[in-house]
Amino acid sequence: MEYEAVIGLEVHVQIKTESKIFSGSRAGYGYEPNELVDPVVMGLPGSLPVMNKAALDGIIKAGLALNCDIPDTCKWDRKNYFYPDSPNNYQITQYDQPICDGGFVEIELEGETRAVMGEHRKVALTRIHLENDVGKLNHFSEDSLVDYNRAFTPLMEIVSEPDMHSGEEAFAFLTAIRQTMIYCGVSDCDMEKGQMRADANISVRPVGQKELGAKIELKNLNSITGVKNGIEYEIKRQTQELKKGRTITQATWRWDADQGRTELMREKEDAHDYRYFPDPDLMPVRIDDEWRNWIRAEIPELPFDKQRRFMDEYALPYTITSVLVPDRVLSDFFETAAKQAPQSAQALGNYVTNDLLRELSESSQSLADCRITPDHLLSLVAAVEKGTITKQIAKDVFVEMFNSGELAEAVIDRKGLKPDFDEDQVKVWCQEAIDENPRPIEDFKSGNEKALNALLGQVMKKSRGKANPQAVNPMLRSLLS
Amino acid sequence: MSQDLHYKSAAALASLLDSKEISSVELTQAIIDRTQAVDDRVNAFNSFDAEDALSQATQSDERRSQGGALGPLDGIPVGIKDVLAVKGQPLTCSSKILENFVSPYDATCIENLKRSGAVLWGRLNMDEFAMGSSTENSATKTTSNPWNLDCVPGGSSGGSAAAVSAGEAPIALGSDTGGSIRQPASHCGVVGLKPTYGRVSRYGLAAFASSLDQVGPMGRTVQDVAELLQAISGYDRRDSTSYKIDVPDFPGAIERLKGKKWIFGLPKEYFAQAGSAAPLAAVEEAIAYYRSIGCEFKEISLPHTEYAVATYYIVATAEASSNLARYDGIRYTHRAEAFDGKDSVDIYHQSRAEGFGEEVKRRVILGTYVLSSGYYDAYYLKAQKTRTLIRQDFENAFQEVDAILAPTSPNPAFKKGTHTEDPLSMYLSDIYTISANLAGIPGLSVPCGYADGLPVGLQIIGKPFHEEDLVAIGHTFESAHSYCDEHPDL
Chain A
5 MEYEAVIGLE
15 VHVQIKTESK
25 IFSGSRAGYG
35 YEPNELVDPV
45 VMGLPGSLPV
55 MNKAALDGII
65 KAGLALNCDI
75 PDTCKWDRKN
85 YFYPDSPNNY
95 QITQYDQPIC
105 DGGFVEIELE
115 GETRAVMGEH
125 RKVALTRIHL
135 ENDVGKLNHF
145 SEDSLVDYNR
155 AFTPLMEIVS
165 EPDMHSGEEA
175 FAFLTAIRQT
185 MIYCGVSDCD
195 MEKGQMRADA
205 NISVRPVGQK
215 ELGAKIELKN
225 LNSITGVKNG
235 IEYEIKRQTQ
245 ELKKGRTITQ
255 ATWRWDADQG
265 RTELMREKED
275 AHDYRYFPDP
285 DLMPVRIDDE
295 WRNWIRAEIP
305 ELPFDKQRRF
315 MDEYALPYTI
325 TSVLVPDRVL
335 SDFFETAAKQ
345 APQSAQALGN
355 YVTNDLLREL
365 SESSQSLADC
375 RITPDHLLSL
385 VAAVEKGTIT
395 KQIAKDVFVE
405 MFNSGELAEA
415 VIDRKGLKPD
425 FDEDQVKVWC
435 QEAIDENPRP
445 IEDFKSGNEK
455 ALNALLGQVM
465 KKSRGKANPQ
475 AVNPMLRSLL
485 S
Chain B
137 MSQDLHYKSA
147 AALASLLDSK
157 EISSVELTQA
167 IIDRTQAVDD
177 RVNAFNSFDA
187 EDALSQATQS
197 DERRSQGGAL
207 GPLDGIPVGI
217 KDVLAVKGQP
227 LTCSSKILEN
237 FVSPYDATCI
247 ENLKRSGAVL
257 WGRLNMDEFA
267 MGSSTENSAT
277 KTTSNPWNLD
287 CVPGGSSGGS
297 AAAVSAGEAP
307 IALGSDTGGS
317 IRQPASHCGV
327 VGLKPTYGRV
337 SRYGLAAFAS
347 SLDQVGPMGR
357 TVQDVAELLQ
367 AISGYDRRDS
377 TSYKIDVPDF
387 PGAIERLKGK
397 KWIFGLPKEY
407 FAQAGSAAPL
417 AAVEEAIAYY
427 RSIGCEFKEI
437 SLPHTEYAVA
447 TYYIVATAEA
457 SSNLARYDGI
467 RYTHRAEAFD
477 GKDSVDIYHQ
487 SRAEGFGEEV
497 KRRVILGTYV
507 LSSGYYDAYY
517 LKAQKTRTLI
527 RQDFENAFQE
537 VDAILAPTSP
547 NPAFKKGTHT
557 EDPLSMYLSD
567 IYTISANLAG
577 IPGLSVPCGY
587 ADGLPVGLQI
597 IGKPFHEEDL
607 VAIGHTFESA
617 HSYCDEHPDL
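Chains as they are written, first to last, in this note's numbering: chain A, 5 to 485; chain B, 137 to 626.
None of these hints come from the bench; they were simulated from the model.
Computed from a predicted model, the values in this text were never measured in an experiment.
A hint or two may mislead.
Taking lysine-lysine pairs in the DSBU-like style, the calculated list, with each CA pair at most 30 Å apart, reads [unchecked claim]:
#1 B:Lys144 - B:Lys394
#2 B:Lys497 - A:Lys83
#3 A:Lys272 - A:Lys65
#4 B:Lys518 - B:Lys144
#5 B:Lys232 - A:Lys140
#6 A:Lys140 - B:Lys521
#7 B:Lys394 - A:Lys79
#8 B:Lys380 - A:Lys57
#9 B:Lys144 - B:Lys223
#10 A:Lys79 - B:Lys518
#11 A:Lys272 - B:Lys497
#12 B:Lys232 - A:Lys79
#13 A:Lys65 - B:Lys380
#14 B:Lys223 - B:Lys497
#15 A:Lys83 - B:Lys380
#16 A:Lys83 - B:Lys518
#17 A:Lys83 - B:Lys232
#18 A:Lys57 - B:Lys396
#19 B:Lys380 - B:Lys599
#20 B:Lys396 - A:Lys79
#21 B:Lys521 - A:Lys83
#22 A:Lys399 - A:Lys449
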């Protein structure tokens, strides 16, 4: 019998705000333990939560970017459970009236090769709601300490429908969410810093069966790759169990990335009764069209739209766009240049995705820190197109520009890279090449056009790369005819 | 003259301060002396810091000598119920679980009081976490009714009421979730006002039931209560349930609304089933007085009254079960000595078992139950619907009348221990006060006579944000009677 997996994801994403979700205390990462606290964050007697509007703006933006409905009202509920990382022993969340309803995430699956765009599909969302993050427990041999810095960071939970069927789809889903959130400036989604966390619900059923199989909740998926690997492992495990004729019972399992396997955490019987009820300390939130429209106007062009446009408008190959587009700053940088020289867009794209990224990586700089501007790229492309320098030399000029911050002409002048020979000199080199290479000439004369390239290479070598191939080529032909 | 100061009204004391006949230090010392003289019998205070109070008084005197008195409360001692956060002072809620907690911050109403120049005076006893009607649920001590030391002062703000009644503070702050200001005010022969929900910020008020709790003033005269209400009222962005509405001149209402011919409602449900006849007789006399000065009376019906106590004990306990979850032995609360260090659940169990008293445990368990899966609709949701009906009862009544008159409590103060074995009978002592909390409307209790030698209060229930009316109505009665000048024999 054939089996298929059905997967839903619950993705927690921290919203990047100055202060915390229900308090004026600063929100951030990398501070001394319990530095980012106040009476509200510590759950002191008498403290009260007050909604941070920036967190609402963030989730509305995320919701609109992920095609959700934003209902006119949402409300706050308390989810009651005891855990030392929770200052009040209840979490403020949204039970039955979330701020975002429905929606979908456009994902891209792997293409046949890396150079080919993969299939796109939509993964349906159930909802996105807002809640407070909790603190962090640090366990030592004798005892445990708790750090409330993270507590009350705005956290949204993106809940998908059971609408995925493989680890690869889950991987693509998280990648798409991450890129969208980064594009919108809602979150940096750094999983190492806990800014994005995912749990998966996985069930397996015989192909053709309508009802879902027993649901396994998979936790401790600490990276996007971990999500993919954990899900793939779990699908295999469940499928094998079913093939052996065993039944799967609803439970929570955890992914152990080191061991590369999943293990049982708790059975369904231990499920909490969270005793949700409306939080009496907070008023429901009313959202009107003015608010929605204002946020909508703040949403930038989203990654897949930009990718399609770059391929269409600038005739960029998929490979270049798939490097450019995930990085909003880099793609904006490219486009600033490309708008001024659309005919050279592909060359510009190559300089950005090859030379610029290589130099940035080698010097450990960010785009914002480095000296290269779109004008630098334009000056380089112009120099090549005018025939002042060859593409080969342009590579070296780029490195010089990157190091000195000069424009291409200045580098070419300073380093004497402009050809300092005339047509006669080229003619001499061409004749020398012909004289020294009888074999290719015979090939050429017998109809092999490619043989000319060997001669061209010789000429380029003699000119130390300075000769312009566009001038050498006709010269060789005229000498050979 | 200092031996006379402790029974002067805050208003009278303010004129003495203004005319430089006394200093705030002298006044504060007189209050300290009085407290030290009587509090071993009354037991109103959980703790007080005389030195700190005198230092606040010194600052007030300095302001005044430089012509910069901050207002009518500058230099006047104000007793503080031990449920409000005052920076650097203990905040125990009369619970063992907070026995060592010192607040690192000020409640908003405390900040406001400090701005008015008042001298914050002591930590007043209460039922643990404001759960109770007799102050017997305090883990600290049992407060006595100054009128009869064998009787309870009422509760939960029993320490505040007793202190004001015994001259240990001219005015005090209490909190009222189901009658916790008005009922002890009635039992101790003082004035107490529960403001409209949202009038006074709850920030810094240790929560019992968030949707019902309200901080309010207590004093020996209506004017003093109005003055204290003035100081603490107003919108606060740190409390999302505080209401953005102008704060009128409450003391000014006494003159502004003087002589108004009020239309009063008498809810038949409140008069049909009074517990003992005696408080009712005093209330009837008060009604006769208002009639004699030309006020009009209408019999009204608040048909859902019979559900009020049940509704209250579902809503309040549900919220309390969640609000009190933070007292867990992890951060700042009492932590049991013996617990399994590998198991945080064991810290919770042991610490909460040791830290909470019986009534608190009873209510936390009740609240946990009514919110449980499968019971939510039958209890919590139904109670919320009933609550709406109770509010609508009042809305309908206020179409016809300006205010409602009723007894504050079905009985005068009872003997200590009367209800400790039967919590349900204790709950019933709030039957006339609970509805105002469920409806979010203001209520004032004013002394209106005696029953069995103990004071009883007249309750005046008003429209939302119409505390001015209550002040004017209460003052009209008070000024024609001498109850505010009658004090217990201590």
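B:Lys380 and A:Lys57 were given as a pair; does the straight-line alpha-carbon distance stay at or below 30 Å? holds (18 Å)
Restraint check for A:Lys83 with B:Lys518, where alpha carbons must lie at most 30 Å apart: holds (20 Å)
Satisfaction of hint between A:Lys140 and B:Lys232, Cα-Cα up to 30 Å: OK: B:Lys232 and A:Lys140 at ~28 Å, within 30 Å.
Keeping to a limit of 30 Å between CA atoms, is the pair of B:Lys518 and B:Lys144 held or broken? violated (48 Å)
Holds or violated: B:Lys497 with A:Lys83, Cα cutoff 30 Å? holds (20 Å)
Is the straight-line distance between the alpha-carbon of B:Lys232 and that of A:Lys79 30 Å or less? violated (35 Å)
Do the alpha carbons of A:Lys272 and B:Lys497 lie within 30 Å of each other, as the hint requires? holds (29 Å)
Is the hinted pair A:Lys399 and A:Lys449 satisfied, with a Cα-Cα distance of at most 30 Å? Judged against 30 Å, a Cα distance of about 34 Å means the pair is violated.
Holds or violated: A:Lys57 to B:Lys396, with C-alpha atoms at most 30 Å apart: Outside the cut-off at roughly 45 Å; violated.
For the pair we were handed, A:Lys83 and B:Lys232, check the Cα-Cα distance against 30 Å. holds (26 Å)
Hey, B:Lys394 versus A:Lys79, does the alpha-carbon distance stay inside 30 Å? violated (44 Å)
Between A:Lys272 and A:Lys65, does the CA-CA distance stay at or below 30 Å? violated (35 Å)
When the structure is compared with the earlier hints, violations turn up for hints 3, 4, 6, 7, 12, 18, 20 and 22 and for no others.
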